[in-house]
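Protein chains in written order, with this note's numbering: chain A, 1 to 251; chain B, 252 to 473.
Each hint should be verified, as a subset may be incorrect.
[To be verified] Label pairs and their in silico Cβ distance ranges: (1) B:ARG302 / A:GLY219: 44 to 54 Å; (2) A:SER14 / B:THR318: 37 to 47 Å; (3) B:LEU456 / A:ALA30: 58 to 68 Å; (4) B:THR318 / A:ARG82: 40 to 50 Å; (5) A:GLY133 / B:SER457: 39 to 49 Å; (6) B:SER299 / A:ASP70: 23 to 33 Å.
Derived from the structure by calculation, the hints contain no laboratory data. Think of the CB as a built atom: it goes at the ideal place given N, C-alpha and C, for glycine as much as any other residue.
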Amino acid sequence: MTAPLLEARGLVKSFGDNQVLRGVDVVVPAGSVTCLIGPSGSGKTTVLRSLNGLERPETGTVRVGDVHLDWADRPGTRAVARLRDQSGMVFQAHNLFPHLTVLENVTSGPVLAQGRPRAQAQEEARELLARVGLADKADSYPVQLSGGQQQRVGIARALATTPRVVLFDEPTSALDPELVGEVLRVMQSLAAEGWTMVVVTHEMRFARQVADQVLFLDGGVVVEQGPPSEVLVEPREPRTRQFLQRLLDPL
Amino acid sequence: MNGIDWDLVRSSLGPLFDGLVTGTIPLTAVSFVLGLALAVLLALMRLSGNRLVAGIARAYVSIIRGTPLLLQLFIVFFGLPSLGLTIDPWPSAIIALSLNVGGYASEAVRGAILAVPRGQWEAAMTVGMNRTTTLRRVVLPQAARIAVPSLSNTLISLVKDTSLVSTILVTELLRRAQEIAAPSFEFFTLYGLAAVYYWVVCLVLSFGQTRLETRLSRYVAA
Numbered sequence: 001m002t003a004p005l006l007e008a009r010g011l012v013k014s015f016g017d018n019q020v021l022r023g024v025d026v027v028v029p030a031g032s033v034t035c036l037i038g039p040s041g042s043g044k045t046t047v048l049r050s051l052n053g054l055e056r057p058e059t060g061t062v063r064v065g066d067v068h069l070d071w072a073d074r075p076g077t078r079a080v081a082r083l084r085d086q087s088g089m090v091f092q093a094h095n096l097f098p099h100l101t102v103l104e105n106v107t108s109g110p111v112l113a114q115g116r117p118r119a120q121a122q123e124e125a126r127e128l129l130a131r132v133g134l135a136d137k138a139d140s141y142p143v144q145l146s147g148g149q150q151q152r153v154g155i156a157r158a159l160a161t162t163p164r165v166v167l168f169d170e171p172t173s174a175l176d177p178e179l180v181g182e183v184l185r186v187m188q189s190l191a192a193e194g195w196t197m198v199v200v201t202h203e204m205r206f207a208r209q210v211a212d213q214v215l216f217l218d219g220g221v222v223v224e225q226g227p228p229s230e231v232l233v234e235p236r237e238p239r240t241r242q243f244l245q246r247l248l249d250p251l
Numbered sequence: 252m253n254g255i256d257w258d259l260v261r262s263s264l265g266p267l268f269d270g271l272v273t274g275t276i277p278l279t280a281v282s283f284v285l286g287l288a289l290a291v292l293l294a295l296m297r298l299s300g301n302r303l304v305a306g307i308a309r310a311y312v313s314i315i316r317g318t319p320l321l322l323q324l325f326i327v328f329f330g331l332p333s334l335g336l337t338i339d340p341w342p343s344a345i346i347a348l349s350l351n352v353g354g355y356a357s358e359a360v361r362g363a364i365l366a367v368p369r370g371q372w373e374a375a376m377t378v379g380m381n382r383t384t385t386l387r388r389v390v391l392p393q394a395a396r397i398a399v400p401s402l403s404n405t406l407i408s409l410v411k412d413t414s415l416v417s418t419i420l421v422t423e424l425l426r427r428a429q430e431i432a433a434p435s436f437e438f439f440t441l442y443g444l445a446a447v448y449y450w451v452v453c454l455v456l457s458f459g460q461t462r463l464e465t466r467l468s469r470y471v472a473a
């Protein structure tokens, strides 16, 4: 068996007095989809942001491919950037660059960061936009798109640098309910193409249908993990059961 | 009491206009551009995270804002020669005005940079941009839009502040008005006329500001 593509061990992180991660492990095989679920404040977004160094844990290690960081060593900006280059990220609020067109947003990584030829990057960006169903929006500005379209551009932008892993931070939480489906369908097709994905989400149907493994976090620890058929259908831990019950029946 | 001498008004229109386009406007334009560059530098120093660098910028802004522009002008033109550094009136004027604009505008630029959402920095970092590229391609273009109203204020103030350099013998609009008024004793006419010129320039700039704000907001949510 080959080594997993992404491996995080013993992540510990505090904001002030509040310890939000108390030793979290995440192991992601290449080509798999991992969903992080849990109540708000459980630390799932912090875990995700630790995988690309947007948050810096106090201790713990992260390895993506052959790039390895030990957070206890207080790695410098450059080392963290090298780790970050291994992944792409899709944000809850899409964080598109409002002053750039859709095409410029998607080519921003390849052209402005990787220094690749513009013409080639644009060609690839157009293919990516076609894949997320937005071939005709290349010259629009983000503000001219619907929330679902914006998020699909965000996905295309994250893929444009050909990362080894794509991190999704609640990609549908800020969307109107009727726009959620178009984003999830794109993510589903990416999973089918073999992209390695780590997804923080509240979409249990997506997790059930697409995830290879589900990690349930609460209070800064992984309470339960396994295939969705176990964690989401027959959870062993009472806290997992309680959480799923509340999602199913909010009243 | 004598009223307005309309013949003098007609004959002064040209020379005053000359003072405007060869003095006031180039002084304003050059000082604003240099001052803006200094302002961006000072803002980045304040935001650098290096306490010494930030402290220098903070002290500079404090001194510029805490002393009169007229005094700053005098120090450059009358004061520096006693240190062995003599600068001609025009360069002195440009230096003093630029240094002053830099100090004032840096606060507006800094505020605008801070007003660009954190998520923009993060998104730029996750597509692989370094700090410099993020600033140049993502943050500063958005900060520019945010800073337009207050920088327009600075520019409009600067137009009027250039009149102070008449005291160090730079021929601009006000100095030209003084030159014509002194022998004729028609102070009200000439200073009134100069006031109208200043006002028209500022009106045009306000109009330009509105146009610019509209143009820059085209990609921002309505």
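Check each numbered hint from earlier against the structure, then list the numbers of those it violates in ascending order.
1
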